[in-house]
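Chemist: Using the hints, put the two chains back together into the complex; each one sits in its own frame.
Protein sequence lines correspond, in order, to chains X and S. Once you know that position 359 of the first sequence is 359 in our numbering, the rest is easy, because the numbers rise by one and skip nothing. One gets our numbering by counting positions in the second sequence from 1 and adding 458 to each.
Treat the hints with caution; some may be incorrect.
With a Cα cut of at most 25 Å, we get these calculated SDA-like pairs of lysine to any residue [stated by the list, open to error]:
| id | chain 1 | residue 1 | chain 2 | residue 2 |
| --- | --- | --- | --- | --- |
| 1 | S | K771 | S | T788 |
| 2 | S | K757 | X | A2 |
| 3 | S | K753 | X | V78 |
Bear in mind the hints are in silico, worked out from the structure with no lab data behind them.
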Amino acid sequence: MATKILMPALSPTMEEGTLAKWLVKEGDTVSSGDIMAEIETDKATMEFEAVDEGVIGKILIAEGTEGVKVNTPIAVLVEEGEDVGDVEAEAAPAPKAEAEAEAKSDDKAPAKAKAPEAPKPDQTPDWPEGTEMKSQTVREALRDAMAEEMRGNANVFVMGEEVAEYQGAYKVTQGLLDEFGGKRVIDTPITEHGFAGIGVGAAFGGLRPIVEFMTFNFAMQAIDQIINSAAKTLYMSGGQMGCPIVFRGPNGAAARVGAQHSQDYAAWYSMIPGLKVAMPYSAADAKGLLKSAIRDPNPVIFLENEILYGRSFEVPVMDDFTVPFGKAKIWREGTDVTIVSFGIGMQYALEAADKLAEDGIDAEVIDLRTLRPIDYDTLIASVQKTNRCVTVEEGFPVGSIGNHLSAYIMQNAFDYLDAPVINCTGKDVPMPYAANLEKLALVTTAEVIEAVKQVTYR
Amino acid sequence: MATRKSTAKPNVSADDLKAYYRDMLLIRRFEEKAGQLYGMGLIGGFCHLYIGQEAVVVGLEAAASEGDKRITSYRDHGHMLACGMDPNGVMAELTGREGGYSKGKGGSMHMFSREKHFYGGHGIVGAQVPLGAGLAFADKYLENDRVTFAYFGDGAANQGQVYETFNMAALWKIPVIFVIENNQYAMGTAQKRSTSTEDIHTRGAPFGIPGEIVDGMDVLAVKDAGDKAVAHCRAGKGPYILEVKTYRYRGHSMSDPAKYRTREEVQKMREEKDAIEHVRDLLISGKHATEDDLKAIDKEIKDIVNASADFAKDSPEPDVSELYTDIYATDIPQGAAVEEDA
Numbered sequence: 001m002a003t004k005i006l007m008p009a010l011s012p013t014m015e016e017g018t019l020a021k022w023l024v025k026e027g028d029t030v031s032s033g034d035i036m037a038e039i040e041t042d043k044a045t046m047e048f049e050a051v052d053e054g055v056i057g058k059i060l061i062a063e064g065t066e067g068v069k070v071n072t073p074i075a076v077l078v079e080e081g082e083d084v085g086d087v088e089a090e091a092a093p094a095p096k097a098e099a100e101a102e103a104k105s106d107d108k109a110p111a112k113a114k115a116p117e118a119p120k121p122d123q124t125p126d127w128p129e130g131t132e133m134k135s136q137t138v139r140e141a142l143r144d145a146m147a148e149e150m151r152g153n154a155n156v157f158v159m160g161e162e163v164a165e166y167q168g169a170y171k172v173t174q175g176l177l178d179e180f181g182g183k184r185v186i187d188t189p190i191t192e193h194g195f196a197g198i199g200v201g202a203a204f205g206g207l208r209p210i211v212e213f214m215t216f217n218f219a220m221q222a223i224d225q226i227i228n229s230a231a232k233t234l235y236m237s238g239g240q241m242g243c244p245i246v247f248r249g250p251n252g253a254a255a256r257v258g259a260q261h262s263q264d265y266a267a268w269y270s271m272i273p274g275l276k277v278a279m280p281y282s283a284a285d286a287k288g289l290l291k292s293a294i295r296d297p298n299p300v301i302f303l304e305n306e307i308l309y310g311r312s313f314e315v316p317v318m319d320d321f322t323v324p325f326g327k328a329k330i331w332r333e334g335t336d337v338t339i340v341s342f343g344i345g346m347q348y349a350l351e352a353a354d355k356l357a358e359d360g361i362d363a364e365v366i367d368l369r370t371l372r373p374i375d376y377d378t379l380i381a382s383v384q385k386t387n388r389c390v391t392v393e394e395g396f397p398v399g400s401i402g403n404h405l406s407a408y409i410m411q412n413a414f415d416y417l418d419a420p421v422i423n424c425t426g427k428d429v430p431m432p433y434a435a436n437l438e439k440l441a442l443v444t445t446a447e448v449i450e451a452v453k454q455v456t457y458r
Numbered sequence: 459m460a461t462r463k464s465t466a467k468p469n470v471s472a473d474d475l476k477a478y479y480r481d482m483l484l485i486r487r488f489e490e491k492a493g494q495l496y497g498m499g500l501i502g503g504f505c506h507l508y509i510g511q512e513a514v515v516v517g518l519e520a521a522a523s524e525g526d527k528r529i530t531s532y533r534d535h536g537h538m539l540a541c542g543m544d545p546n547g548v549m550a551e552l553t554g555r556e557g558g559y560s561k562g563k564g565g566s567m568h569m570f571s572r573e574k575h576f577y578g579g580h581g582i583v584g585a586q587v588p589l590g591a592g593l594a595f596a597d598k599y600l601e602n603d604r605v606t607f608a609y610f611g612d613g614a615a616n617q618g619q620v621y622e623t624f625n626m627a628a629l630w631k632i633p634v635i636f637v638i639e640n641n642q643y644a645m646g647t648a649q650k651r652s653t654s655t656e657d658i659h660t661r662g663a664p665f666g667i668p669g670e671i672v673d674g675m676d677v678l679a680v681k682d683a684g685d686k687a688v689a690h691c692r693a694g695k696g697p698y699i700l701e702v703k704t705y706r707y708r709g710h711s712m713s714d715p716a717k718y719r720t721r722e723e724v725q726k727m728r729e730e731k732d733a734i735e736h737v738r739d740l741l742i743s744g745k746h747a748t749e750d751d752l753k754a755i756d757k758e759i760k761d762i763v764n765a766s767a768d769f770a771k772d773s774p775e776p777d778v779s780e781l782y783t784d785i786y787a788t789d790i791p792q793g794a795a796v797e798e799d800a
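If we strip away everything but chain S, and leave its shape as in the complex, we get (with noise of 0.2 Å):
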């Protein structure tokens, strides 16, 4: 596969950039093996795969510090490897296991860690983008200087509770990064025919949130934009828009025979623009890892991935008795905001 030239200098260390590629690599191993799983049935309904789209993900959790708090909608997989969830948990609610992070209850499309402040997780396009400023209004009540990651799609950009959460995050200073994932297609729908506006992160602009375009493909981009964002927030300016320009490899979902765009338009992304093959041929040129360096965290992934394949194959199903649990609390899951009551 032909590696994309790079023209961006590095300002991470090296052991930044090896940790950036192990975990790009992490999600897209993850996610082919997820569609592997999904093709021998042991993992059902709708799995939205997030190949391609690594670098986002990846550049954004660089720029996040303990405590803020991400949400995104259903193709979440790699949201959750990124922000240090247990790849056999993430793998075992695939298929609908009890060792799954909703002990097999919420599936592909809906799982949440309190523990790493993943708010899910959400089937209905546009839903999270109000949620994710609720959970930031929470942190800016608290008084603490937390942010919020509210991940969207360019679909989800045209819904109307993206822009009522826009007026008033602005209105009410709400420390939240609206990040558009702009890959290109809404389900099979391009942007062209869908959207009015060519680039999306001006529609911010009307409500006085300042907004940029971010390239996708490039982690160190997506980092740099997201330490920007991260420090407009936390300075307590308000909400900031990262429009990242991205690409998805795979269809819109598991079933989606991606019939709306050419094979070579896919193939060309994926061989000049692809974000792991970017970070890889930064650190072979910049002398900061060998190729035996890089097998090493190939094997590493393998590995684990392949573990998560079999907790997930292993562990049971729920009890049936889980059918009834958890529809009502008895008392408030105790999360960081929580702790910290006035």
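Chain X with its partners taken away, still in its complex shape (with noise of 0.2 Å):
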């Protein structure tokens, strides 16, 4: 049977190129692998392989040849006695198919932006009214979350520098060694590339890794593991392969580290599609969603903080606590403004909010606790009620959580607006060193009062 030989794509862009030389003439026998002509693409001249085995019949586009168009016929190839006659040059179905099929699915495009929806925030207690409760630090309350898990499920263990045998940089995986041994307490190397991807591997073979970053600083090491493998591959997959992995570890400025080590990496991980990201305030949420995290099919980027480490809160006495993920936690109710925040940008939000209520402004604080899934209802909702909203962040100013937050509000709550959303972040600068620039450049109550007051026009 004859085989029409059509015009190649060499390159993902290629349209048209030019038949640069025969290398075959008619008559002559090709077998698979033989090189036939030479074609030049939009960036540089290929050379254009037999697939079939026969004798080239008809050579139908002369060499030296320009702007043939991909998948024009520009042979036709016979097997060895055939005549060529019946074969005729017409251009092949491929192409028109292709342009048919994406006119088709742009007919199926999502419409046009709805409405907002009203919002139907979730605002039922964490724990039950009378549950006991005791005070605990962050770092417990961490601890506790991964040693439960560890209790209920063989499969989840720790991994990360000095989590063993030195009891953790910051001491969160204290006596975790001694309660479930080496095989599932380990110490790495310093070797976060590394070790990021062989926990990501793990998680693909079936276990639920607990990967420690001793500071998220370091996870930029190990970030094309983090978003490349861990975050993508459930999708790449078609949904065969999940990841149940958590990342944790402290984010964010500490205390005169400089540069290097004082980062938040929030609006980071958040842009991922794929990665949950969590970012507690108090013990109780630190204990809730960890484990939680650590249940979760998904990757999870939890976000810790060092200055909070040591603070105590009060921690519900339970069995199994767990903090769903997407569920805002209102600390304060008000009227006046919404203020939102999350992580230790609560610090600043919650003693903004006592100090403006001495001045007689009535501020509801948001506690956003997950990133990724955010709980817009919530939000929405308080801005609708307060007509005014402030955000609070530790991260850099650009591309922030908070310019995502107004967005959102923007878009979906415009008409309740009655001044600007102002973010409140951390300065446009690197972490300088100096105690009096290092004040200046993180994020501050004062600042976040002053922000308060520029939207409700005191």
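Modeler: Put into structure tokens, the structure is as follows:
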């Protein structure tokens, strides 16, 4: 049977090319792999090989022809003794079919933005009324969360620098080696890229790794494995290959450790579909969210804070206390302005709210707790009530979580706003070492108060 | 085409030899077809063909047992076919269709099969090496005797994370076989221009990982080396390195004109070292098969490959609703390892 040889596409962007040279002539026998022609693409001159065996029955496009469209028949291959006469040159249907398919999918493109739906915030309490409470540091709460989950699932293990024998660089894993042994509490060499990759592979292989980064600053060495391997593989595998893993550790500025050790990555990781991101403020949330993170079938970025580790909060005494992702917590109800924050930003938000109350401004303070997913409903319901919003975070101002929330509020509650949303963030500078400059670089309670006064026109 | 002289005396059965011939031929014909579909615009983006390197995966799969895992980079079609994945599903993924292994959402470089323990298909050079060690780490943790084949090229052998992985794999005695498919060119850069040492397998020595060179154009030599490496890993002795010297006949990807080497160099390899011709020669000269037997295999392969191309053309594009699926899992996909939860 005669086969038409078509002008090949030889690069991802090639639509037409020049048939520079024929290296075979009519009557020649070719076999698979033989070079038949040289074709100039938009990038280079390529050799074009035969795929099938046969005899060149007819050359349809002469060498030197420019602008030959991809899929145009350029020659006819026949079997030995076969006649070429009955084969006519005609355009291949493939590109047309592709174009049709494209048009068809355009028809199905999502409709234009719908009118925003009324928010349905879930503000059920995190624990039942009357639950016994105890005072615990964030550090202890995180340790308890890991220990409880490790008791419940033998495939949960912790790996990272100094997590075992040293009991944790910040003592978050204190006692875990004693209880669970060296098989499940594993000291790694200082090799973030490598052990993050091993952790992701172990998750593919059926385990539930908790990978501790001594700080998230060092996770930049490993960010390819976090994003390209952990976050994207479920999608790239059509749903086959999930990656249940928790990457956790302190994030953001500590104190006086300079630019390379003081950065908030909340906005970075929150940008990535496939990741979940938690950034707790209180000890109860640290515990409840970390337990949820360890059980989650997806990769979770769990952003802790060194300054908060030693701070004590009330934690419910329950057999199995968890906090769901995507549910914000209203720390303080108010009517005049919504202050929304997360992580250590909550410290400034709550302090500001206390001081504003003295001036007669009644602020509602929302802790997002997780940044992927974000509880938009609680935020929008609050803004619809207060008509004003200030966001607070420690990260850089450009491309911040506050920027995203502002845009979301504008699109979904524009008519409710009585003032522009203001983003309080860290300053647009690398973290300086000098004590006075460091203070200036961080977001402050005074700035939050000032922002609230601006949006309330006081 | 001149056949190469075979000096190796096959210590495998005639059926094994025929199976190697068939499996290598399937890869070659499949890849030629993929190149053709790329030329027709049915496959888009990047497409890295495995032609020339077939003996590497076929030889190592012959050394693997059920439950062993494999992971590689983006030149992955051969690995998938060799471990028994369905040519239809692979080709339909190349064309970005619903019937592909990733429902068309992964493409040539990103395909997976839990069923066949094929863990990708990774687009970032070297990233699959710690991932492979992690898979093997999981097997050691779960206390089974499985091994993982972590394939990478001579180009990836210069990535830092490879050596981070060597260190931990040796330290923790992880049952992983690092297979360096040395096809001598990291895209367009010859090994001698990119790599300070002539032999890459010796780079495991400082970590205490044994390694050896293997003739990657000889499927029997590859299988023998694979058997040895597998035995080492299964015995709990930790990782092993195989530097398999091979050669890619085609460009790095479909859009590579391959001007960094001469046509004569490629032609010499094809004529003197071709792995498929080698087995063909063993089969005929050893009177294990007749020309007609081999023609029947050729015909079978041609039919399979043509059917895969038809399937890949006929399979519809994924439904537009697929844009927003598989971003988050609601439950853990059940894999073999998960079933064995302690």
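Chemist: Determine for every hint whether it applies to the structure shown.
Modeler: Now the hints, each set against the structure:
Note on K771(S) and T788(S): the hinted pairing is violated, with a Cα-Cα distance of about 32 Å set against a maximum of 25 Å. Restraint check for K757(S) and A2(X): satisfied, since their Cα atoms lie roughly 18 Å apart, inside the 25 Å limit. The straight-line distance between the Cα atoms of K753(S) and V78(X) is roughly 20 Å, inside the 25 Å bound, and the hint therefore holds.
The structure does not agree with numbered hint 1 stated previously, though it agrees with all others.
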